[in-house]
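Student: Please work from the sequences and hints to get the whole structure.
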Amino acid sequence: MSLRKTTAVGAAAAVLIVLPLVLQQVNDYWMHIVIMIGIFSILSMSLNVIIGYAGQFALGHAAFYGIGAYSAALLMIHFHVSFWIALPAAAVIAGFFGFLLGTPVIRLRGDYLGIVTLGFGEIVRLIFVNWVDVTRGPMGLPGIPAPTLFGYTFSGKTEFYYLILALALLTFFVIHRIVHSGIGLSLLTIREDETLAQSVGIRPNKYKLLAFTVGGFFAGIAGAFWASYISFVSPDAFRYLDSVNILAMVILGGSASLPGSVLGAVILVLAPELLRYMSDYRMMLLGLAIVLMMIFKPTGFWGEKHRKYNFYGMVRKGEGK
Amino acid sequence: MLLQQLTNGLTIGMIYALIALGYTMVYGILKIVNFAHGDIFMMGSFLGLFFMKELDLPLYLAFLLSAVVTSGIGILIERFAYRPLRMADRIVPLISALGVSTFLISLAQKIWGTEMRPFPTAFGSRTYTLGSITFSEIQILILILSFILMLGLHLFVTKTKTGTAMRATSMSLTNAALMGINTNRMISLAFGIGSALAACAGIMVGIYYNAVYPTMGYMAGINAFTAAVLGGIGSIPGAMLGGVLLGLVETLGGAYISTQYKSVISFAILIIVLLIRPSGILGKKDINKV
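Each protein sequence line maps, in turn, to chains A and B. Take the first sequence: its position 9, counted from the start at 1, is 9 in our numbering, and no numbers get skipped. Take the second sequence: its position 189, counted from the start at 1, is 189 in our numbering, and no numbers get skipped.
Hints in this document: simulated from the structure, not taken from any laboratory. Honestly, I wouldn't trust all of these hints.
Straight-line distance between alpha carbons at most 20 Å, and here's what the computed DMTMM-like set of lysine to aspartate or glutamate pairs gives [stated by the list, open to error]:
1. A:297 x B:89
2. B:110 x A:280
3. B:31 x B:89
4. A:157 x A:28
5. A:206 x A:193
6. B:53 x B:115
7. A:5 x A:28
8. B:110 x A:28
9. B:110 x B:54
Facing chain B, from chain A, some residues (calculated, C-beta under 8 Å) [claimed, not checked]:
10. 104
11. 106
12. 107
13. 110
14. 112
15. 116
16. 142
17. 143
18. 192
19. 193
20. 251
21. 286
22. 291
Using N, Cα and C, we set each Cβ at its ideal position, and we do this for glycine too.
Tutor: Have a look at this one:
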């Protein structure tokens with residue numbers, strides 16, 4: 001890591017740690033905004049694994065978010081499971097649904113995959129609405145307990161802030177490790193050319209399934225956190241438009257770029273707040289921004305830099321050592 | 001009972017077919033799914049409502065004007081949101097379409113508000129009985145008008161020179177251009193016709209359910225897309241057949257299985273068709289995987 005990069009990371013870490021102390025002075029609402037940025041960062045990073053790295057155009061990400069939230073809520077309300085067990089359990093369940101959805105749909109490509117995953121998202125939402133015995137339908141599930149740690153209950157926004165910060169960093173770290181490993185290279189190969197990938201011995205289906213599972217898993221973490229943070233889940237938070245919103249974060253930030261996903265989440269959570277005085281137009285502006293972005297900068301604000309591996313260049317560099 | 005359900009299914013199926021034609025014509029030429037098509041349908045419905053309620057125009061003029069204005073909207077969308085992206089990766093126009101869709105929904109919310117609006121009842125509640133089947137006036141209008149529109153489209157595509165040029169464009173964009181066809185004009189035409197048909201469908205849905213609202217294009221769009229895929233996307237007769245079939249299956253499923261999960265039925269059909277026979281009923285077998 002270069003000195004400049006170390007300084008930047010250090011400065012970012014300092015800002016992130018000190019942030020709540022400053023924001024608390026302003027008001028609680030801004031703490032809430034920052035926490036939402038954390039949740040959506042996790043969601044957009046997890047979707048980025050599927051869209052950016054594996055190149056699979058999935059449109060129903062809110063479904064995994066919802067499955068995570070409902071799983072955690074039901075576990076904590078009915079089985080009195082602690083948050084620290086419900087969180088990974090919800091993530092595993094959501095990951096399992098990612099695997100389940102992936103199994104039939106990895107054969108589809110492009111727009112078709114988009115529509116089918118959109119359909120999956122809608123089916124999941126309809127189940128939340130109609131399975132009244134378990135989910136209480138549109139009324140939602142209230143009274144989800146807050147996390148406790150050694151007898152200490154998370155009550156203020158600051159505690160939740162540090163928790164989501166930790167979860168977001170964990171997500172960033174794990175996904176970063178995955179996509180910068182051999183798995184990540186396989187995923188990129190599949191994204192660029194599936195036939196080529198097969199010809200060099202990569203099994204596209206295996207890696208695509210992995211991407212769906214990982215994506216679902218981390219979306220489940222975000223969902224479980226959300227359930228505990230708001231202490232209430234209802235189908236309203238997991239609509240088609242929420243999936244589109246997460247997708248827009250990935251695309252605006254730049255696909256196949258984790259810092260990009262975080263940036264996308266920051267922009268799209270902050271923008272409606274900053275544009276509040278022109279609230280009537282903000283969704284229109286968002287739509288327009290997406291179109292303009294696609295025309296002028298389809299790689300996003302912080303898109304991946306194409307890997308410039310020059311084999312001969314590397315050899316020469318090696319010789320110099 | 002069964003015959004009555006079949007009639008209701010046919011009615012809604014004809015509407016799906018009209019919307020599905022817009023998807024299939026655009027897909028046939030550009031190989032992109034126009035995600036904003038459902039919202040174009042919604043704009044058509046609102047415009048029809050506007051012409052009838054605010055300007056006090058008779059129904060047939062509302063149909064005509066709404067079709068004209070909506071096809072203009074469709075052409076503009078293609079010109080500004082899709083044409084600059086024609087050379088880009090396939091995923092790019094798709095995301096642009098999502099942007100357009102968001103834009104149209106919020107535009108409608110801004111102009112007409114978010115709540116459901118009733119359509120001025122252009123029709124009495126008169127019904128006609130034929131054996132054991134009851135037709136309402138609007139059902140008869142839907143069946144006849146949709147049939148005329150589809151017949152007209154069929155004749156246009158098969159009998160006129162422009163229609164032939166359009167089919168040639170959908171077979172191969174490059175070759176059609178080499179034969180001296182103005183392919184950009186053909187693409188605009190496909191968007192224009194598709195949007196006009198969607199506008200007519202929008203007004204008919206508005207009257208049939210007596211409700212117009214900004215997010216109405218979402219489910220209608222998904223259902224119509226399912227119809228297009230079911231019939232074989234890119235095929236015009238396929239869209240008509242797929243629409244009618246989907247309408248029948250959905251209505252029968254809603255009547256005999258579960259009304260709550262009615263919309264799940266069309267998703268399930270969509271997923272099954274895509275997995276088993278992605279080229280649909282009348283579609284050409286394509287070497288490309290979907």
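Student: Hints first: check each against the structure and report whether it holds.
Tutor: Consistency of the hints with the structure:
no.	hint	verdict
1	A:297 x B:89	13 Å, holds
2	B:110 x A:280	6 Å, holds
3	B:31 x B:89	12 Å, holds
4	A:157 x A:28	7 Å, holds
5	A:206 x A:193	15 Å, holds
6	B:53 x B:115	16 Å, holds
7	A:5 x A:28	32 Å, violated
8	B:110 x A:28	30 Å, violated
9	B:110 x B:54	17 Å, holds
10	104	6 Å, holds
11	106	11 Å, violated
12	107	7 Å, holds
13	110	5 Å, holds
14	112	4 Å, holds
15	116	5 Å, holds
16	142	23 Å, violated
17	143	26 Å, violated
18	192	11 Å, violated
19	193	13 Å, violated
20	251	5 Å, holds
21	286	6 Å, holds
22	291	4 Å, holds
Of the numbered hints given earlier, the model fails hints 7, 8, 11, 16, 17, 18 and 19; all others are met.
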